[in-house]
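Student: Following the hints, complete the assembly by docking chains B and C onto the known chain A.
Chains as they are written, first to last, in numbering that gives the first Met the number 0: chain A, 0 to 322; chain B, 0 to 322; chain C, 0 to 322.
Honestly, the hints are just simulated from the structure, not real lab data.
Check before you lean on any hint, since a few could be wrong.
No copy labels: a pair is met if it fits in one copy or bridges any two.
Said to hold, decoys possible - In silico lysine-lysine, DSSO-like type, Cα no more than 27 Å apart, as pairs:
{"no.": "1", "residue 1": "317", "residue 2": "156"}
{"no.": "2", "residue 1": "7", "residue 2": "258"}
{"no.": "3", "residue 1": "317", "residue 2": "261"}
{"no.": "4", "residue 1": "171", "residue 2": "210"}
{"no.": "5", "residue 1": "42", "residue 2": "317"}
{"no.": "6", "residue 1": "38", "residue 2": "123"}
{"no.": "7", "residue 1": "156", "residue 2": "220"}
{"no.": "8", "residue 1": "220", "residue 2": "261"}
All values derive from a computational prediction rather than experimental measurement.
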Amino acid sequence: MQLTADGKLKHFLTTEGIPPLLLEEILDRAEQFVSLPGKAQVKAPLLRGKTVMNLFFENSTRTRTTFELAAKRLSADLVNLDIRNSATSKGESLLDTIRNIEAMGCDMFVVRHSSSSAAHFIAKYCAPHISVINAGDGRHAHPTQAMLDMLTIRQHKPDFTPLKIAIVGDIKHSRVARSEIHALNTLCAGEIRVIAPITLMPNGIEDMGVKVYTNMEEGLKDLDVVIMLRLQHERMNTAQLPSVREYYARYGLTEERLKLAKPDAIVMHPGPVNRGVEIDSRVADGSQSVILQQVTNGVAVRMAVMSMAIASQASLAKEKGAS
Amino acid sequence: MQLTADGKLKHFLTTEGIPPLLLEEILDRAEQFVSLPGKAQVKAPLLRGKTVMNLFFENSTRTRTTFELAAKRLSADLVNLDIRNSATSKGESLLDTIRNIEAMGCDMFVVRHSSSSAAHFIAKYCAPHISVINAGDGRHAHPTQAMLDMLTIRQHKPDFTPLKIAIVGDIKHSRVARSEIHALNTLCAGEIRVIAPITLMPNGIEDMGVKVYTNMEEGLKDLDVVIMLRLQHERMNTAQLPSVREYYARYGLTEERLKLAKPDAIVMHPGPVNRGVEIDSRVADGSQSVILQQVTNGVAVRMAVMSMAIASQASLAKEKGAS
Amino acid sequence: MQLTADGKLKHFLTTEGIPPLLLEEILDRAEQFVSLPGKAQVKAPLLRGKTVMNLFFENSTRTRTTFELAAKRLSADLVNLDIRNSATSKGESLLDTIRNIEAMGCDMFVVRHSSSSAAHFIAKYCAPHISVINAGDGRHAHPTQAMLDMLTIRQHKPDFTPLKIAIVGDIKHSRVARSEIHALNTLCAGEIRVIAPITLMPNGIEDMGVKVYTNMEEGLKDLDVVIMLRLQHERMNTAQLPSVREYYARYGLTEERLKLAKPDAIVMHPGPVNRGVEIDSRVADGSQSVILQQVTNGVAVRMAVMSMAIASQASLAKEKGAS
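So that you can see chain A by itself, here it is in the shape it has in the complex (with noise of 0.2 Å):
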C-alpha cells in the first residue's frame, strides 16, 4: 500500500515492509539534505507550487515544526490545520475532514493522530494523487523517527550488519521502539536487543527478532548504539511503574552503565529528555551522545521523504498521460 506498482515510495506509513534499497534510498538521500549547524540551509524546488497539509490531530509542536521546516526548505506552500479548532470538533468525521482538504487541493497529507490506524486509513481513502505521510500514529509507527535515527547510526557505523543495538524504556507503548525494530531488521543489524522492566515490555516481542532483557546491565553489555525512549508522563506512579526513582535506579542510563556499552557506543533519545528520569544529564549532554545530530538529521529525513514521494506522484501522473 505504501508503494507504487514500480516500487517507489507512495506514502510513508511505517517502516514495516519497506524493501531494503528503498530504506537506504530515504538513507542517501537524507544525506544530501543535511545542513551542518551554522552553514547555509540546503533549500531545493522539489515541491514548488505543491501544497502541504500538516494534520496534527495531537499535538507535537516539535514534529510540526521539523515538518514544516522541511516543506519550507523544499519550497512548498505549507499550511497548518488548526485541527482541534476545525469542523471536526463541530462533530464532522475524519473522512468528511480529508474529503474537505483534499477538495481545496493538496499533494501531501503529514499527519499525526492518537489513534494507531489513523495514518492507513487515511492513506486507504484520500484521492489517489495524495501522498500520506504518518507522524506518528498511536502506539503503531512513527516512521521517519525510525528514519532519522538510522541516518544518526549509519553516519557514525556505516555498516549495521555487525551493530548491537539497544532500545531501552518503556518498549510496550513505543511507536518508536516498533518502528525502529522493523527499520533495523530490514537493514540487517547484527543483534536488536529491548531493555525494559516486564511492566514495560509488549508480549511476544520476542517475534519482532528481538532479545529481551529485564536486566539494564546485562542489555547494555557490549553494545555498539544504545537507544534510549522517553519515560512518559502519564506512565510514571502507576500500576506499570512504581516510581520515578526506582525506575531510574533500575533503568537510568548513568555515567557508569555506559561503560557497559562499548567504548565508542553512540547514545541516542528521541526528546524531549527527562534528565534524571531516563537518563543522566551527565551522559545525555557527553561525549557519546548524538541525541542533537538526531534533530538535525530529522529535518534532512522528512525532506527526503516528502520529495521522495511527490516524485512518485509526478511518475505515476506521467505514466496515466501516456497510457
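Tutor: Relative to the frame of chain A, chains B and C by itself:
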C-alpha cells in the same frame, strides 16, 4: 461602497448591489483558477509583494484555510492574526486594532466576525488603499461562499434563467442564504425558493423575490438545484427547533425526497455536513452531490476576488499618480 | 556580548552599551525600509535561505506580527513556535528547547519572555552562528521598541541634542522606559524626564541620568516629545495604583495638559492605547500624535536589526573561512 468610481471591485462585502457583469467577471476569472484534483495547482504572481491579513474574530478553520491557500497561490505574504489573543482582548477597540494593523503595512483584510456590520465598518474606516473581503459577518453576508455556489451551479447548468433553485434549512440565521439570494437575483435565476419550518423563516423574506415553502415535498418539486444549509448546533432542541429527529423527518434531504426534484438536479451544501440531520449520507455522497466541487471552487473564487480587488487598487494608484 | 569583535551587531538584547554610531546605523537602515502607507512594501532578499524562529514564551500578537512581517519582507523562512504547547510545557528546560531548535537549523531567534534575563541567557548559550533579538524580556529591555521610538522622534526632530523628552507612566515596571532611556542617553538627548506617581517610580532612577517628576504639569513643561506608557491592567486598583479614575485625573494626557508642552511637541505611545486611562482619545487621535507612525516604523526597525545581525554573521563566517 464596494466599487471604485469606474465600477471595479474594491471591497467584497456583500453580493447585494454588485452589477451582473461584475459577478460574471468573478465567475469567469475563478474558472481560470480552478485546479483539477491531482493536477498542479494554478499559481500566479498577482499578489506578489502584497500583504494579506486574515482577521478571524470568529473561528472558522475551513474558511480561513481556503483564504490562506488562495493568498499563497497568488504569491501574497499572508499573516494569520491570532485575534483572540490580541490587543482587542486587552480592551482595545476594533478601530484601534484596524489602525494598528494597517500601520504595519498591508493591502487586504479578510474579515470574519460575529457582528453583522463588522466588514462594512472596517471597509468604511480603514485606509483608502486597503481592500476588505468579507469572509462572513453575523447573519448578514458571506459573499465568497455565495459566489463559489454560483460557480458550481454554472459549471453544471450554464444558463441561470430557466433554473428552479431552492435553499433549504435555517434561512432565518443564514448569511449564506442572504448572499445567495442576492446573487441569484442578479444572475436572473428563473425561480428562487426557500424551504424551512416557519420558526426558521425570516419575516418578509418574500420581499427578496423568493417563493416561500414550509413543506419540503412541495418545495423540492421540479428543482434544478437544491442548496442545503447547515443546521447550527446551537439551534437544536430550542423553541425554534423541537428536535433533530423531527427536523430530519420533515426537512432532511433523503434519496426518496430528492426524486421529487429533476433527475439531473444537483445537491449543494456549504459544509461541514451534519449527516442524518439535514441530509442523508447517501445523498451527500451520491452522484447528484457536488459538495466537494464547491470546496474546490471556493479556493478559485477567493483567488478571483482577491486578484480583482488588488488590480482595482493598482489602477486607482495609477490614476492618482497621473492626476 | 551583543557585538562582534569588530563592533558589528551580532545580537540585539538591550540598547544599553550600544555605541552611538551603531544606533544611528540602525536608524539609517530602518529609514530605507519604511514603506509609506498605500505604497508597495519594500521587499529585500537579505534573509533568503535564512530561518528565523519566533520564540514567544509570553504572548504578544502585535509584536510577533511585526517581526513576522519584517522576516517575510526580508525573504526569510519564518516559523512561529507554539511554545506554550511545546516540550517546555512537558518539563523540558529552556536550554534543552534552545538546543533542539537550533539543531533543526536556524539563524535567528526572536525571543519574548516574562523573565528579565531570558534573552541574555539564550544569547549566551545558543550556538555561535545564531543571532538573538530581544522582543521584550520581563522588566528588563525592549530594544526594538526603543529604536522605533528613536526613529519616530528623529523623523520629526532630526537633532536629539536640544530635545526635552519625557516618559510618562509606570516607569517602575516598564522595559520600554529602560530601553528608551539608554538609547536617548547614547543619542545625546538634551534632557530626559520621567513622570510617574511615586509608587510607580523605581528607586535610584536618577542614576540613569533622568530628571524625576511626580507632578505631571511640571514635567510636561516645554517638552518636545511626550512618550506615554501603557498602564498594565494588573497594576490597576492595587496598592500601587488606588484607582484608574484618580490616575487619569493626575497623570492622564489631556488636551489641556498637552498645551504645557511646546506647540510642536509630538505624542507617542507603544500601544495598545488605554483611552481614558493614560491618555485622552482626542490626544491619541490628535494632530500631535505619531502613534501609528510608530507602528509603521516598528516593521522597518525590525527589518534593519534583523538584516544587520545576519550580515554580521556572514562576515564572521567569511573571516573564519579565511583564517
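Student: Which hint numbers doesn't this structure obey?
Tutor: Result: hints 1, 2 and 3 break, sorted rising.
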